[in-house]
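J.: Spelled out from the first residue to the last, the chains are:
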Amino acid sequence: MSFWNYLINGLSLGSVYAIIALGYTMVYGIAKMLNFAHGDVIMVGGFVIYTIMNGAGLNPLLAVLISIVACTVLGVVIEKVAYKPLRKATPLAVLITAIGVSYLLQNVALLIFGSDAKLFTSVVNMTPISLADGQIVITGETQITIIACIIIMIALSLFIKKTKAGQAMLAVSEDKDAAELMGINVNGTISLTFAIGSGLAAVAGALLCSAYPTLTPYTGSMPGIKAFVAAVFGGIGSIPGAFIGGILLGIIENLSKAYISSQMADAIVFSVLIIVLLVKPTGLLGKKYSEKV
Amino acid sequence: MNKQLKDNLITYGIIIAFYAIMQTLSATGSLSSLFKGLLVPVCVYTIMAVSLNLTVGILGELSLGHAGFMCIGAFVSAFFSMCLKNSGMNSIVRFIIAILLGALVSAVFGVLIGIPVLRLRGDYLAIVTLAFGEIIKNIVNVLYIGKDENGMHLSFTDTASLNMSADGEVIVKGPQGITGIPNDSTFTIGIIVLLLTIAIVINFVNSRSGRAVMAIRDNRIAAESVGINISKYKLMAFAISASMAGAAGALYSHNLNNLMAQPKNFGYNMSIMILVYVVLGGIGRIRGSIIAAAILTVLPELLRGFSDYRMLIYSIVLIVMMLFNCAPAALELREKYSLKRLFGKKLKKEEA
Amino acid sequence: MAMLDVTGLGISFGGLRAVDDFSLKIEKGELYGLIGPNGAGKTTVFNLLTGVYKPSDGVIILDGKNITGQKTTQINKEGIARTFQNIRLFKELTVLDNVKVGLHNDYPYSTIAGILRLPSYRKQEAIMKEKAMELLKVFDLDKECDYLASNLPYGKQRKLEIARALATNPKLLLLDEPAAGMNPNETKELMETIRLIRDKFDMTILLIEHDMKLVSGICEELTVLNFGQVLAQGKTSDVLNNPDVIKAYLGDD
Numbered sequence: 002m003s004f005w006n007y008l009i010n011g012l013s014l015g016s017v018y019a020i021i022a023l024g025y026t027m028v029y030g031i032a033k034m035l036n037f038a039h040g041d042v043i044m045v046g047g048f049v050i051y052t053i054m055n056g057a058g059l060n061p062l063l064a065v066l067i068s069i070v071a072c073t074v075l076g077v078v079i080e081k082v083a084y085k086p087l088r089k090a091t092p093l094a095v096l097i098t099a100i101g102v103s104y105l106l107q108n109v110a111l112l113i114f115g116s117d118a119k120l121f122t123s124v125v126n127m128t129p130i131s132l133a134d135g136q137i138v139i140t141g142e143t144q145i146t147i148i149a150c151i152i153i154m155i156a157l158s159l160f161i162k163k164t165k166a167g168q169a170m171l172a173v174s175e176d177k178d179a180a181e182l183m184g185i186n187v188n189g190t191i192s193l194t195f196a197i198g199s200g201l202a203a204v205a206g207a208l209l210c211s212a213y214p215t216l217t218p219y220t221g222s223m224p225g226i227k228a229f230v231a232a233v234f235g236g237i238g239s240i241p242g243a244f245i246g247g248i249l250l251g252i253i254e255n256l257s258k259a260y261i262s263s264q265m266a267d268a269i270v271f272s273v274l275i276i277v278l279l280v281k282p283t284g285l286l287g288k289k290y291s292e293k294v
Numbered sequence: 003m004n005k006q007l008k009d010n011l012i013t014y015g016i017i018i019a020f021y022a023i024m025q026t027l028s029a030t031g032s033l034s035s036l037f038k039g040l041l042v043p044v045c046v047y048t049i050m051a052v053s054l055n056l057t058v059g060i061l062g063e064l065s066l067g068h069a070g071f072m073c074i075g076a077f078v079s080a081f082f083s084m085c086l087k088n089s090g091m092n093s094i095v096r097f098i099i100a101i102l103l104g105a106l107v108s109a110v111f112g113v114l115i116g117i118p119v120l121r122l123r124g125d126y127l128a129i130v131t132l133a134f135g136e137i138i139k140n141i142v143n144v145l146y147i148g149k150d151e152n153g154m155h156l157s158f159t160d161t162a163s164l165n166m167s168a169d170g171e172v173i174v175k176g177p178q179g180i181t182g183i184p185n186d187s188t189f190t191i192g193i194i195v196l197l198l199t200i201a202i203v204i205n206f207v208n209s210r211s212g213r214a215v216m217a218i219r220d221n222r223i224a225a226e227s228v229g230i231n232i233s234k235y236k237l238m239a240f241a242i243s244a245s246m247a248g249a250a251g252a253l254y255s256h257n258l259n260n261l262m263a264q265p266k267n268f269g270y271n272m273s274i275m276i277l278v279y280v281v282l283g284g285i286g287r288i289r290g291s292i293i294a295a296a297i298l299t300v301l302p303e304l305l306r307g308f309s310d311y312r313m314l315i316y317s318i319v320l321i322v323m324m325l326f327n328c329a330p331a332a333l334e335l336r337e338k339y340s341l342k343r344l345f346g347k348k349l350k351k352e353e354a
Numbered sequence: 455m456a457m458l459d460v461t462g463l464g465i466s467f468g469g470l471r472a473v474d475d476f477s478l479k480i481e482k483g484e485l486y487g488l489i490g491p492n493g494a495g496k497t498t499v500f501n502l503l504t505g506v507y508k509p510s511d512g513v514i515i516l517d518g519k520n521i522t523g524q525k526t527t528q529i530n531k532e533g534i535a536r537t538f539q540n541i542r543l544f545k546e547l548t549v550l551d552n553v554k555v556g557l558h559n560d561y562p563y564s565t566i567a568g569i570l571r572l573p574s575y576r577k578q579e580a581i582m583k584e585k586a587m588e589l590l591k592v593f594d595l596d597k598e599c600d601y602l603a604s605n606l607p608y609g610k611q612r613k614l615e616i617a618r619a620l621a622t623n624p625k626l627l628l629l630d631e632p633a634a635g636m637n638p639n640e641t642k643e644l645m646e647t648i649r650l651i652r653d654k655f656d657m658t659i660l661l662i663e664h665d666m667k668l669v670s671g672i673c674e675e676l677t678v679l680n681f682g683q684v685l686a687q688g689k690t691s692d693v694l695n696n697p698d699v700i701k702a703y704l705g706d707d
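Protein chains in written order, with our numbering: chain V, 2 to 294; chain F, 3 to 354; chain Y, 455 to 707.
Check each hint, because a few of them may be wrong.
What the hints assert, rightly or not - Label-pair distances were calculated between CB atoms; the ranges are:
1) V:Val-138 to Y:Lys-525: 56 to 62 Å
2) Y:Ser-604 to F:Pro-118: 39 to 45 Å
3) F:Val-322 to V:Gly-184: 31 to 37 Å
4) F:Ile-194 to Y:Asn-639: 55 to 61 Å
5) F:Leu-11 to Y:Asn-639: 40 to 46 Å
6) F:Leu-102 to Y:Asn-605: 39 to 45 Å
Unchecked claim - DSS-like mimics (lysine-lysine), calculated; alpha carbons at most 27 Å apart, straight line:
7) F:Lys-234 to Y:Lys-545
8) Y:Lys-667 to F:Lys-5
9) V:Lys-89 to Y:Lys-583
Derived by calculation from the structure, the hints in this document are not laboratory data. Note that beta-carbon positions come from the ideal geometry of N, C-alpha and C, so glycine has one too.
Sequences and hints are given; from them, build the entire structure.
T.: Structure (structure tokens):
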């Protein structure tokens, strides 16, 4: 029966990866950049909730909402200050800047909160579900995480299909210049994408820290990288791809930890990425890319 | 004199002068032990920066797994030295072989990793090199190798499963790594390896192979159209870069008693640190890499109280540098208010 | 025997037949023009000839050798060199080095020799420099040999691209709109250069061009492409007087 527990935990971790990966994949699809700092926005979200709940003693739901707002603003500011001026620069320059932003967020957090791990109080208050005479336990965090992931995924898909702003996002991701000529507000669309992505990162931060309740300035970086792996795995730019990639990655990681070696779990996750890219360089659901001569 | 030759001689000159000054200070006893302890690390990180610059600046691909190659070189060379520790071999000869072996094995891994990785583009390549770096670090952490009269024993679980005889010696102990490495690294050897590294990079860049690599960087399709074998030259540059990181790893490991693969020395954060040196020194500029790496290795150690803010300042400098050097708007502004132009205007006014 | 003999060449992108049943024969030393309206598939023909795209049908024979389906690098070694419509120079290399890259395969000293500066390196580099300077002189670029390619003015960049292509010592030279963006004076000068290349190097040249003056001035034969198909083929004067051609191509102007 322990297999089912590992699987469910994997599903929960995978759902967090999927939420982060959705943000990654949207930003990549539209700004064509690897936002290395995306993972650190998760950490910022975690610290916002931590501060509000421990300092101001507010209700968890309110804390999460404030954190979402804070991260959304942060995401938009980062884009405006650091990435927008480089929109026509080489990808290398943008990536290095993103790495700089990532370090900046980590070190600001380090100066404010110090390097020792903070104990994060879960924002979820639900009773666990027991199945098969208590052999399988699904914690409240797991339930909420999986449900949140599914809702977000459906909402995002509908948003992109049904709304004008969503269609504008599609257009900008296809061809920025053509979209501009068609009268689409490209800057606004990119800002909106960063806002949504960062808001999702805040949600992911709340869920991640509730399930694994320690918080340090580096909490976001590894999940951020793994979520990018998930996004690449599923095919970057594709929303269902990010969802599938995230879930699969979480399951692979947890089953590796349980059955192979906990030290090797990360290596296995990364090996999966490499194998996928070798077999299908654009990921599971990615589009083919070719250069015009 | 040829401008390029002059430029290269300045680079060599700076290093030799640095060496001479340090040796003099050291001989007269005016060098603190803290500073002395930094001399080998300075060599290690300058070599790392030069070698990464070959990948980032000359080949034009962003690798975020460079510390992985350093890790391979460190462990392979240390393992070799441990095996021959009591063989009576001259320690300098043994160390030279260890460095070459570290470089060679890293180059082999560079080729093995490069074959799949170099087919990818830009961001994908960056993330996959990062993945490889982490995989290498993880594998080293579960690696156990022991030696007894029956030969070598290898395991990926623990010391016990090596099935060693009673008088056997466990050399690589998983997360504990390798202990008791002979301290063969000296400032002199470090400087020699650094000089060799720079000479190799400079000569490579000025040969047909180096030109081919830069041609691929500047325009892959045009390079193909003039008959350049793309994968061959990409792989070549990547392998040379990896081998130099391996040599740096050998210098690094023989400067320690206990070698462990931790996030802080071989994780992706270290790869990014080296990248910071390269960017701050100027992408594609060898001398810049050397100066940036040397200063940024020494400075934080000398300004201990400052260390809390070190990474914060690095990150801000990194962002500002990229915005200042790469943003089209900033470039325009610089063009407008450049010293040359301002002077030019002034001169014209005076003429009038 | 023809220098280039193409029969039934074709390729589709998705459902679109970009080039269909394209045939062409160019004799050695001939100056041949490929014209047609925008989007007719001219550059696609170049990309098929140079292996950027793999043809789905047809055979390409260069100087008696079947090169169909080979890779770009190999096709260059077999003897086709080209320039690009949107200039593709090695921007961060000097003008001299751009040409030296073109000479790459003819001077194959090893990487080790290069790193150790062995005699083979010194000897071959010296010859490479001499050859490159000779070529640059032909295009009046020798004074700018130490400039970065990106710092050259537009017209000179186009010339440098031709010099680089010639450095690979090709049998057939493909020029993709060499006069694009040039003023009438520069175009005139270019015409002379192209003719000079043909005479001096005994080169076979196939060029894509929009500039009618240039085409009628120097090309001996023409092929007109429209919607991926050959509309007319033959002597320049005959083709230009062909009513179909006038209607499809010239009439639009």
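J.: Now tell me if each hint is right for this structure.
T.: Each hint, compared with the structure:
For V:Val-138 and Y:Lys-525, the Cβ-Cβ distance of about 58 Å falls inside the hinted range of 56 to 62 Å, so the restraint holds. A hinted range of 39 to 45 Å is violated for the C-beta pair Y:Ser-604 and F:Pro-118, which are about 32 Å apart. In this structure, F:Val-322 and V:Gly-184 meet the distance hint of 31 to 37 Å, their C-beta atoms being roughly 35 Å apart. Checking the proposed 55 to 61 Å range against F:Ile-194 and Y:Asn-639 shows it holds: the Cβ atoms sit about 58 Å from each other.
Separation of F:Leu-11 from Y:Asn-639 is about 45 Å and conforms to the stated range, judged on CB atoms against 40 to 46 Å. The hint said 39 to 45 Å for the Cβ distance between F:Leu-102 and Y:Asn-605, and at roughly 42 Å that hint holds. As the CA atoms of F:Lys-234 and Y:Lys-545 are separated by approximately 21 Å, the hinted pair is consistent with the 27 Å bound. Proposed proximity of Y:Lys-667 and F:Lys-5 is contradicted: the alpha carbons are some 45 Å apart, above 27 Å.
Of the pairs offered as hints, the one joining V:Lys-89 and Y:Lys-583 is violated, with about 36 Å between alpha carbons and a cut-off of 27 Å exceeded.
When each numbered hint is compared with the structure, violations occur for hints 2, 8, 9.
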